[in-house]
Every structure is written in structure tokens, then in C-alpha cells.
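**Student:** Those protein sequences? They're chains A and B, same order as listed.
In this text, residue positions in the first sequence follow the numbering used here: the first is 1, and each later residue adds one.
In this text, residue positions in the second sequence follow the numbering used here: the first is 1, and each later residue adds one.
Simulated from the structure, these hints should not be mistaken for laboratory data.
Every value quoted in this text rests on a predicted model; they were computed, and no experiment measured them.
Worth double-checking, as some hints may not be accurate.
It does not matter which identical chain is used: a pair holds within one copy or between any two.
[As the list claims (entries may be wrong)] Taking lysine to aspartate or glutamate pairs in the DMTMM-like style, the calculated list, with each CA pair at most 25 Å apart, reads:
#1 K48 to E24
#2 K8 to E106
#3 K8 to D45
#4 K23 to D45
#5 K23 to E101
#6 K80 to D90
#7 K103 to E56
#8 K23 to E92
#9 K94 to E30
#10 K94 to E56
#11 K23 to E59
#12 K12 to E24
#13 K12 to E101
#14 K12 to E54
#15 K103 to E54
#16 K94 to E24
#17 K71 to E56
#18 K8 to D90
#19 K71 to E41
#20 K48 to E93
#21 K80 to E67
#22 K71 to D5
#23 K71 to E93
2 protein chains.
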Amino acid sequence: MNRVDIQKTRQKAIAALRAFFQKEGFLEVETPIMVNYPGMEPNLDPVKVVVQQEGEPSEKFLITSPEYGMKKLLAEGLEKIWQLNSVFRDREEKSPFHNLEFKMLEYYQLGINYH
Amino acid sequence: MNRVDIQKTRQKAIAALRAFFQKEGFLEVETPIMVNYPGMEPNLDPVKVVVQQEGEPSEKFLITSPEYGMKKLLAEGLEKIWQLNSVFRDREEKSPFHNLEFKMLEYYQLGINYH
Chain A
1 MNRVDIQKTR QKAIAALRAF FQKEGFLEVE TPIMVNYPGM EPNLDPVKVV
51 VQQEGEPSEK FLITSPEYGM KKLLAEGLEK IWQLNSVFRD REEKSPFHNL
101 EFKMLEYYQL GINYH
Chain B
1 MNRVDIQKTR QKAIAALRAF FQKEGFLEVE TPIMVNYPGM EPNLDPVKVV
51 VQQEGEPSEK FLITSPEYGM KKLLAEGLEK IWQLNSVFRD REEKSPFHNL
101 EFKMLEYYQL GINYH
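My request is simple: use the sequences and hints to build the entire structure.
**Tutor:** In C-alpha cells:
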């Protein structure tokens with residue numbers, strides 16, 4: 001597949017995902033990519049960045065998953081949410097199946113279990 | 001507005017944008033956020049990151065706009081494209097109207113002018 005076909009196929013997949021979650025009553029959400037506190041998973045390395053505002057440097061991180069931002073929204077009262085967002089993981093191996101930047105689908109629903 | 005209302009309002013705005021561009025025959029696209037070569041605008045500071053793969057450090061940048069990635073897609077043959085993506089600009093001033101990370105709407109159409 002060339003890049004044009006990849007873009008077209010990707011949009012078909014995303015449209016199907018969006019239709020599914022909409023039918024199931026999930027709200028699509030957006031949460032920040034560059035944050036003060038990344039995930040706490042011991043086996044993942046967040047990408048660290050140093051930014052400056054008005055001469056003050058501050059350390060930030062790119063999210064390894066949207067989990068923390070989405071759980072804040074659950075705490076604010078949303079009950080069924082989903083997101084397809086860009087995430088970043090440092091020190092991943094080099095292979096045709098790994099990229100430091102990739103898209104992650106994440107969804108949450110209050111009050112359900114696996115059964 | 002609280003965070004819940006912000007998320008709901010944001011989704012209404014995005015759905016309206018998506019419907020508009022779809023009606024006009026534009027393909028929604030996705031291009032990378034972390035790149036080897038950022039924009040060349042002399043008045044913008046890209047956020048620099050250093051990542052590692054298999055012990056090799058490399059310097060990357062977060063996009064200041066999706067322009068370069070989208071123009072590559074025009075060169076590949078797509079003629080009407082749009083994207084709403086996260087962009088990053090270092091050394092922005094601190095104000096209620098500035099954030100180092102924000103969403104940018106960008107669209108391209110071959111062969112038209114302003115008239």
C-alpha cells in the first residue's frame with residue numbers, strides 16, 4: 001500500500017470505530033499529549049522534554065498512554081469515554097512493528113466487569 | 001464550563017468540522033507529531049526531544065504545524081485533505097490564550113486560489 005491508500009484505509013477504520021463507540025453511547029474525548037506526570041508503568045520509558053516559558057525551563061513528558069488523563073475525566077463525571085490518540089514510548093526496539101510514536105485506542109466504562 | 005461540558009462541546013465542534021470537510025470532498029488525514037525535521041518558520045521554536053533506540057540517541061522535534069507532513073501527502077497524489085492535530089510551540093508567552101500544546105486545523109486543496 002502506498003501512503004495515499006494507507007490514509008484512505010486508516011480513515012475507513014477510524015470511521016468504523018467512531019460509529020461503533022457512538023452506537024454504544026461512548027463520548028469521544030481528547031486529553032493532552034505533553035504532561036507534567038506521565039504514566040507510572042515501570043516497564044515503559046516516557047519521552048522527556050524540556051520546554052521554556054518566559055525564561056523558565058520546565059520538564060514535561062509525552063504520554064505513554066492516555067490513561068491518566070481519561071481517568072481524570074471519569075472522576076469528573078463522564079461514564080463512558082473513548083479516545084484514539086498519539087502516544088510515545090522511548091527506548092522501544094527497532095523493528096517493522098515498533099515505532100516510538102503510535103496511535104492507541106483506549107476506552108473506559110464505569111460499573112462493568114469482564115462478564 | 002467544567003471539563004465534562006468542554007469535552008462535549010468540543011466533540012460537537014469537531015463533528016461539525018468533519019461533516020463540513022466530508023461534504024466538500026476532503027479526506028481527513030493523519031501525519032506524525034514527532035519528526036526529524038520540524039517547520040522552518042524563523043519566528044517559531046519547535047520543542048526538541050532526544051530519544052533512544054537500541055542505545056542510539058537521536059534528536060527529534062514536535063511539529064509546530066502539520067504543514068510539512070500534509071504537503072508530502074499532496075506530493076503523493078492526494079488533492080483535498082484536512083487535519084485537526086496537536087501541535088507544540090516552545091517559548092510561547094504565558095497567558096490564558098496560550099498553551100505550548102494546542103490543536104491546529106489545517107487543510108489543503110490543489111489548484112485553487114483565493115478568488
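**Student:** Between K23 and E101, at a C-alpha cutoff of 25 Å, which is it: within one copy, between copies, both, or neither?
**Tutor:** So K23 and E101 fail the 25 Å test inside a copy (29 Å) and across (31 Å) alike.
**Student:** Checking an output row: K71 and D5, CA cutoff 25 Å. Within, between, both or neither?
**Tutor:** Intra 35 Å, inter 16 Å, cutoff 25 Å: inter-copy only.
**Student:** Up to 25 Å between alpha-carbons, please classify K94 paired with E56: within, between, both or neither.
**Tutor:** Answer is between: at 11 Å across copies they meet the 25 Å cutoff, but 35 Å inside does not.
**Student:** I want to check one pair: K23 and D45. Are their C-alpha atoms no more than 25 Å apart within a copy, between two copies, both, or neither?
**Tutor:** For K23 and D45, neither the intra-copy (35 Å) nor the inter-copy (42 Å) Cα distance is at most 25 Å.
**Student:** Within a copy, between copies, both or neither: which one fits K94 and E30 at a CA-CA cutoff of 25 Å?
**Tutor:** Answer is between; shortest inter-copy Cα gap is 22 Å, intra-copy 29 Å.
**Student:** Give the relationship of K80 and D90 under a CA distance limit of 25 Å: within one copy only, between copies only, both, or neither.
**Tutor:** For K80 and D90, the Cα distance exceeds 25 Å both inside one copy (30 Å) and across copies (34 Å).
**Student:** Since the copies are identical, ignore which copy is meant and state whether K48 and E93 lie within 25 Å (CA to CA) inside a copy, between copies, both or neither.
**Tutor:** both (18 Å within a copy, 21 Å between copies)
**Student:** Give the relationship of K12 and E54 under a CA distance limit of 25 Å: within one copy only, between copies only, both, or neither.
**Tutor:** The answer is neither: 43 Å in one copy and 34 Å across copies each exceed 25 Å.
**Student:** If the cut is 25 Å between Cα atoms, do K8 and D90 qualify within a copy, between copies, both or neither?
**Tutor:** neither (29 Å within a copy, 32 Å between copies)
**Student:** Within a copy, between copies, both or neither: where do K8 and E106 come within 25 Å Cα-Cα?
**Tutor:** both (22 Å within a copy, 18 Å between copies)
**Student:** How would you label the pair K71, E41 (within, between, both, or neither) given a Cα cut-off of 25 Å?
**Tutor:** within (15 Å within a copy, 37 Å between copies)
**Student:** Evaluate K12 and E24 at a C-alpha cut-off of 25 Å and name the case that applies: within, between, both or neither.
**Tutor:** both (19 Å within a copy, 17 Å between copies)
The structure is inconsistent with the numbered hints 1, 3, 4, 5, 6, 8, 11, 14, 16, 17, 18, 23, although it conforms to all the rest.
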